[in-house]
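Residue numbers (UniProt numbering): 1 to 253.
Careful, some of the hints might be misleading.
[Said to hold, decoys possible] Here are the computed distance ranges between Cβ atoms for each label pair: (1) K167 x A15: 43 to 53 Å; (2) D69 x N153: 30 to 40 Å; (3) R206 x D47: 16 to 26 Å; (4) V16 x N169: 40 to 50 Å; (5) A86 x L200: 32 to 42 Å; (6) G33 x P126: 26 to 36 Å; (7) F36 x I168: 15 to 25 Å; (8) S20 x R206: 50 to 60 Å; (9) I168 x F17: 42 to 52 Å; (10) V16 x T84: 14 to 24 Å; (11) E79 x I168: 14 to 24 Å; (12) K147 x D180: 19 to 29 Å; (13) T84 x G43: 20 to 30 Å; (14) K120 x K173: 11 to 21 Å.
[Stated by the list, open to error] Computed cross-link-like contacts, PhoX-like style, restricted to lysine-lysine with a CA-CA straight-line distance of at most 25 Å: (15) K42 x K31; (16) K99 x K37; (17) K188 x K147; (18) K99 x K120; (19) K173 x K68; (20) K99 x K189; (21) K68 x K37; (22) K37 x K77; (23) K31 x K120; (24) K167 x K68; (25) K147 x K167; (26) K147 x K173; (27) K147 x K189; (28) K173 x K42; (29) K31 x K68; (30) K167 x K188; (31) K147 x K37; (32) K120 x K188; (33) K68 x K147; (34) K99 x K77; (35) K99 x K31; (36) K42 x K99; (37) K167 x K120; (38) K68 x K42; (39) K42 x K147; (40) K77 x K189.
Keep in mind the hints are simulated off the structure, nothing from the lab.
Cβ coordinates follow ideal geometry from the N, Cα and C atoms, glycine included.
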Amino acid sequence: MRILGGEDGLVELYAVFQDSGFKYLVMEHCKGGDLFKTLMMKGGSLDEHWVCTEIITPLLRVLTRMHKDTVIHRDIKPENIFLTAALRFKLGDLGLAIKTDEELPFTRSGTLDYMAPELKLKGIRPYDEKVDVWATGILAYECVVGKPPFEVNDEVQTATMIMYSNKINFPSKHSTQWQDFVRQALEKKPHMRPTAAAMLEHPWIRCPHAFALSLSPLKGSNGNCYLSVIFLNDSQSNLLSGLRIPAGRIKYC
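Working from the sequences, and respecting the hints, build out all of it.
Here it is in C-alpha cells:
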C-alpha cells in the first residue's frame with residue numbers, strides 16, 4: 001500500500017510495527033463493512049446500476065493506477081472490497097499483491113471462483129494484470145446475479161468450467177451492456193482480454209444512466225400526443241408492451 005502512495009480508493013494504511021512474533025498493520029476502519037456482508041443483507045444480489053457506479057467503476061479506476069505501477073492485486077472478491085459509512089468504495093487486503101517489475105508472477109494465488117484460467121497453469125508461464133480484469137468480471141456478475149458464473153458444488157468441476165466452459169447464464173432482466181461487459185472481462189485468452197483502463201471505456205461504465213427508462217409526453221405538430229422513450233434497453237422494451245400504448249404513439253429518441 002505504501003508503494004502505491006495512498007491511492008484514492010484503497011483502504012488507508014496508517015502505520016506498521018512489529019514485535020518478536022507478529023507484524024501489525026494499523027488501517028482505516030470502514031464502517032460500512034465489506035461487500036460480501038452487503039450482498040448477504042440484500043439477499044445475495046444488488047441493483048445493477050449501483051454495482052456499476054459504486055463498485056465496478058471505482059474498482060477499475062484503482063486497478064488502472066495499480067497496474068500502471070506494475071502492481072497486481074490477485075485477490076479481487078467481495079470480502080476484499082469495503083464500504084465507508086457513506087458507502088464509498090475502498091479496495092483492501094493487498095496481502096497477495098505482487099509488484100511485477102520485482103518478481104514474475106508464477107504462483108497460483110487468489111480465490112478459486114475468481115481465478116482467471118491462466119492462474120491454473122501454475123509454473124508454466126507468468127501471467128499479468130489481466131487476472132484482475134477477469135476477477136472484476138466475476139465480481140460484476142456475482143453482485144448482480146447473486147453467485148459467480150462458474151460456481152458449482154465441486155471444486156474440480158468449478159476449475160474445469162473456468163478453464164474450458166464458454167457458457168454463462170445471463171438473466172434477461174438485466175441490460176445487454178452489462179452482459180457484454182462481463183463477456184469481455186471473462187475472455188479466456190488473456191492477450192485478448194481488455195485492460196482495466198480499456199474496460200473503463202466500455203458503454204456499461206461510460207453511460208450507466210443510459211440504461212434507465214425515461215418516459216415523457218410529447219405533442220406532435222399534428223396535435224397528437226406521443227410518448228417519448230429515451231435510452232431504452234431490451235428489458236425495458238418488453239416493459240412497454242404492458243402499457244397498452246399504440247405503437248404509432250411511441251417515439252424512440
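(message) Flag every earlier hint the structure violates by its number, smallest first.
(response) Those not satisfied are hints 5, 14, 16, 19, 21, 23, 24, 29, 33, 35, 36, 38.
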